[in-house]
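**Q** Start from the sequences, fold in the hints, and give me the full structure.
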Amino acid sequence: DAGVTQSPTHLIKTRGQHVTLRCSPISGHKSVSWYQQVLGQGPQFIFQYYEKEERGRGNFPDRFSARQFPNYSSELNVNALLLGDSALYLCASSLEYSGNTIYFGEGSWLTVV
Amino acid sequence: SQQGEEDPQALSIQEGENATMNCSYKTSINNLQWYRQNSGRGLVHLILIRSNEREKHSGRLRVTLDTSKKSSSLLITASRAADTASYFCATEGLISGGYNKLIFGAGTRLAVHP
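Which chain is which? The protein sequence lines are Z and E, in order.
Using the numbering used here, you'd call the opening residue of the first sequence number 1 and step up by one each time.
Using the numbering used here, you'd call the opening residue of the second sequence number 1 and step up by one each time.
Because the hints were derived from the structure by calculation, they are not lab data.
Have a look at the derived ranges for each label pair, beta carbon to beta carbon: (1) Z:Q41 to E:H113: 20 to 28 Å; (2) Z:V113 to E:Q9: 24 to 32 Å; (3) Z:V38 to E:A111: 17 to 25 Å; (4) Z:W109 to E:D66: 31 to 39 Å; (5) Z:N77 to E:H113: 38 to 46 Å; (6) Z:V38 to E:P8: 18 to 26 Å; (7) Z:F60 to E:S28: 21 to 29 Å; (8) E:S39 to Z:E53: 32 to 40 Å; (9) Z:L82 to E:P8: 31 to 39 Å; (10) E:S12 to Z:P61: 36 to 44 Å; (11) E:R54 to Z:G99: 13 to 21 Å; (12) E:H113 to Z:S65: 41 to 49 Å; (13) E:T77 to Z:T20: 41 to 49 Å.
Calculated lysine-lysine pairs in the DSSO-like style (CA-CA distance at most 30 Å, straight line): (14) Z:K30 to E:K56; (15) E:K26 to E:K70; (16) E:K56 to E:K69; (17) E:K26 to Z:K30; (18) Z:K52 to Z:K30.
Keep in mind that this is a model prediction, so the values were computed, not measured.
Virtual Cβ for every residue (Gly too), placed ideally from N, Cα, C.
**A** Structure follows, in structure tokens:
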């Protein structure tokens, strides 16, 4: 079975631009979460979606938004990019919204110049 | 803010030796999960240990959990060069507001030398 898949793997954007990152969870998993990992630090929680509804949001500005589609895939959108948004963006999936093993994808490396 | 802290921040050992990494956290948890991350790659899940469990094994990995001390340890026995990576503990707190999230520490960088 395929694991969590993310696209694109790498991208470079200019300050002020917008970016969309995509994620397909493991088949059968209903929960998708997004994390940001800055170089040298552990991942930080951005969003959790479960059954297509936002269930939780971390301490990130409104420039960050996400959605989950009927097939449980998800998109993370970031508007008005800042240099500080440069990071590895990780998507994670799990069967339910809590209490289960959480599996991560390979991530999308975003560089803002 | 980071919930957990891994100790040590970096660990350098020879192949065949055992590696022990520790993790401390601050609030009550539902479970604790350990992950491995190779440079620039995604997180690979290693072990999940629930708050009512004290020890779990998986191959060369042994994880312990002490909820009274709010700490966990990951032991890798008979280490190999391929174990070189960063290791993170992540805690899932008690359910609040109908959702949950993992809170990560800063990780331990393990280097295993042939």
